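Top to bottom, those sequences are chains A and B.
When the letters of the first sequence are read in order and numbered with the numbering used here, they come out as residues 1 to 232.
When the letters of the second sequence are read in order and numbered with the numbering used here, they come out as residues 1 to 505.
It should be emphasised that the hints constitute simulated quantities derived from the structure, not laboratory data.
Predicted model, so just to flag it, every value in this text is computed and none were measured.
Honestly, I wouldn't trust all of these hints.
Said to hold, decoys possible - Okay, the calculated beta carbon distance ranges per label pair:
{"hint": "1", "chain 1": "B", "residue 1": "Arg79", "chain 2": "A", "residue 2": "Arg151", "range": "30 to 38 Å"}
{"hint": "2", "chain 1": "B", "residue 1": "Arg96", "chain 2": "A", "residue 2": "Val21", "range": "46 to 54 Å"}
{"hint": "3", "chain 1": "B", "residue 1": "Ile406", "chain 2": "A", "residue 2": "Asp6", "range": "32 to 40 Å"}
Glycine is no exception: its CB is placed at the ideal position from the N, C-alpha and C atoms.
So you can see what is in the structure, the chains are spelled out below.
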Amino acid sequence: MDASTDTRDELLHASRRRRAVTLAVGLALLAAALAATLSHAAKRRTATNDVITTVAFAAVGPGTTICQRGERIPSGTGAIRVTLEGARGAATRFSLTLSERGAIVASSRTVAGQEGAGIVRIPLAQPLRREVTGSVCVGVLPDGSPAAQYRLLGAPSDLADGTRVDGAPVAGRLRLEFLAAGGGSWWSFAPTVARRMGLGHAWSGPTVALLALALTLTSIAAGAWQVVRGER
Amino acid sequence: MAGRPRRALTRSRWGGPSPLRAALARIPSAAAVCALAALLNALAWSIVVPAFQVPDEPVHYAYTEYLVQHGKPPKAGPRDRLSSSEQHALAALRFRRLLFGVGNGAIWTAPEQTRMRALLDAGGRRADGNGGAYATGSEPPLFYALQAVPYALASGGTVLDRLTLMRLCSALLAGATVLFVFLFLREALPAVPEAWTVGALGVAFAPMFAFMSGGVNSDALLYAASAALFYLLARAFRRGLDARLAVAVGAALGAALMTKYNALGLLPGTAIALLLIGVHQQHAWRMRALALPALALGVATAPVALEMALNATVWDRPVVGATASGFDATAVHPAIGEMLSYVWQFYLGPLPGMTRHFVGVPLRYLWIHGFVGSFGWAETTFRPAVNDAALVPLAAIALLAVRTLIASGRRLRARRGELLAYAVLVLGLMCFVAVASYISYLRYQASIAQVRYLFPLLPLYGAGLALAARGAGRQLAPIVGTAIVVLAIAHNVFSQLLVIARYYA
Chain A
1 MDASTDTRDE
11 LLHASRRRRA
21 VTLAVGLALL
31 AAALAATLSH
41 AAKRRTATND
51 VITTVAFAAV
61 GPGTTICQRG
71 ERIPSGTGAI
81 RVTLEGARGA
91 ATRFSLTLSE
101 RGAIVASSRT
111 VAGQEGAGIV
121 RIPLAQPLRR
131 EVTGSVCVGV
141 LPDGSPAAQY
151 RLLGAPSDLA
161 DGTRVDGAPV
171 AGRLRLEFLA
181 AGGGSWWSFA
191 PTVARRMGLG
201 HAWSGPTVAL
211 LALALTLTSI
221 AAGAWQVVRG
231 ER
Chain B
1 MAGRPRRALT
11 RSRWGGPSPL
21 RAALARIPSA
31 AAVCALAALL
41 NALAWSIVVP
51 AFQVPDEPVH
61 YAYTEYLVQH
71 GKPPKAGPRD
81 RLSSSEQHAL
91 AALRFRRLLF
101 GVGNGAIWTA
111 PEQTRMRALL
121 DAGGRRADGN
131 GGAYATGSEP
141 PLFYALQAVP
151 YALASGGTVL
161 DRLTLMRLCS
171 ALLAGATVLF
181 VFLFLREALP
191 AVPEAWTVGA
201 LGVAFAPMFA
211 FMSGGVNSDA
221 LLYAASAALF
231 YLLARAFRRG
241 LDARLAVAVG
251 AALGAALMTK
261 YNALGLLPGT
271 AIALLLIGVH
281 QQHAWRMRAL
291 ALPALALGVA
301 TAPVALEMAL
311 NATVWDRPVV
321 GATASGFDAT
331 AVHPAIGEML
341 SYVWQFYLGP
351 LPGMTRHFVG
361 VPLRYLWIHG
371 FVGSFGWAET
381 TFRPAVNDAA
391 LVPLAAIALL
401 AVRTLIASGR
411 RLRARRGELL
421 AYAVLVLGLM
431 CFVAVASYIS
441 YLRYQASIAQ
451 VRYLFPLLPL
461 YGAGLALAAR
471 GAGRQLAPIV
481 GTAIVVLAIA
491 HNVFSQLLVI
501 ARYYA
């Protein structure tokens, strides 16, 4: 083995060491970024009412009650999110009533949480212990500014299927999102997400999410191995 | 050792070397590993993205189904009519509520799953659709003929079974694309072997590429055929063109042309590349210089001519399919001046005096933001702050690549013909996409701008990454190259999380 071969081997070894260290640092940073991201609060929706927001179909003021029939609210729901364009005042108070076959199942009166761009989160006093199929009524309580107007965002519909504003039907349905009770990070929500990933595929069950994870990790491992070995 | 032929496995049953096995044995192991990473990543995407949530997936499935059921490609028509079987599946999957409904999730509950299973098991007729006549009915049939294999293999199952196998086929094409990208880099940048892996893995983990390759869309085969074309042209520039290589170039271009009309954008660049190689080999402009280029173009156009003949005689389709497609410009009478203005603005934004066709700067919000992430039916994107932050590493990579090019001035001048050919390939495809979008704009007042249409140029993107790694200097190249790969992996992982949050949270 001559001197030039030794030098080339040393250069190759040094290059491989640099790649390995960079890769280790890079993947560690990626893992840290992932951990930080997944530690944030998750959206934790239990369901939506499938309405796609395309139009503002009505405007309401304080003292108005908006009711929507035919909603299915899953068990475990602890809050409902609606989009009321113009809802900016932190002091605006709302009421929420869920009823099934004419009987009130749950209700609350509260200052709603603002989640940006007119999105209002109205919590229930207690999370639902069973699925409720019935009406959702949101009341804009009259202690807000009398001049305040809130536009209802959702999709156009027949009058018969539409939202009722103080009992009068309007030609549109409000988009509703049902949120799980309590807070929590993406980590705590991961089993739910994995269970949902196991539905809607050619086969079902937890293996769907596990397989996706295994494939992603294996592809990263293959790429990382190739980067370090640097073989041509 | 990679790059060295492995002779042990290359004997055919007659004792001679099997050409396929011999070719496979010549694949460098590094290229095979990069291709494997791309395959696995595309497979992961194929699971993460719900059925029919890759752009135009329902009509690509419909075309394949029509081909299998009727033994011939569909005929272009004024609207799409999906088969009863596929319509049931879309209803089962609640496709309409997901389409463009960013806030709506996929199937989340056991009752929804039970309903889906019942609808899927009910089946429905498969032969009563028109094969996506409006959206894809005029397109060439090669991709769909390939997808007919997994479709037929899962023929006894449900639509989801067939779609799953078809997505697997697309993922295999992602592996082929990255394999050819690696081989292209090996031919085009022989002096920077350590950067071949950087370029190939950068493509393998590009999330929009993996997302598209995880679904059923003819783009997947177009990317593979185009990457093969780039590799073969680079090989011809470096080693010379012989009859075998000319046939291979023609086959790659022919495969692209038989996959999607967008491949027409690659035709001028390929023709110029072949011409330059032919003239260079003959040391003069003479007729003999045209022989091998003519052979390559003949091989490329032969299947197109065959398809045209079959269209006219057996399949009852327009002889030139494009005349019945969205590219038909006879009814809209495009004005050349306005078209040039539109093409310019399609990528770069308006100059003073131009009629504005786009809001903002398309280079940024259509192409760069689109590359960062535009998933589902192009409705699932990162926050604007993420898109803006991505400009920093992209600009750094571009600057490093330019630095390498400037430092290689003398070597580049010696290869100016090859660079010219690549430039024409780029411009040809970009102009084709922009003109197609202009016709769409005139007909429907809608742009078709999506970054995936430029992915046949992925080999050059890989070359850009490889050059960027080298641009950091010999000492830092291993560090920067590795950092580029890690960045691509991170981009891919966070893109998957974005899509998971969109559909399942």
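To see whether the hints hold, each was checked on the structure:
Distance hint for Arg79/B and Arg151/A: a CB-CB separation of about 35 Å, consistent with the stated range 30 to 38 Å. Range check, Arg96/B to Val21/A: Cβ separation about 51 Å, and the 46 to 54 Å hint holds. Between Ile406/B and Asp6/A the Cβ separation comes to about 34 Å, which falls inside the hinted range of 32 to 40 Å.
Checked against the numbered hints above, the structure violates none of them.
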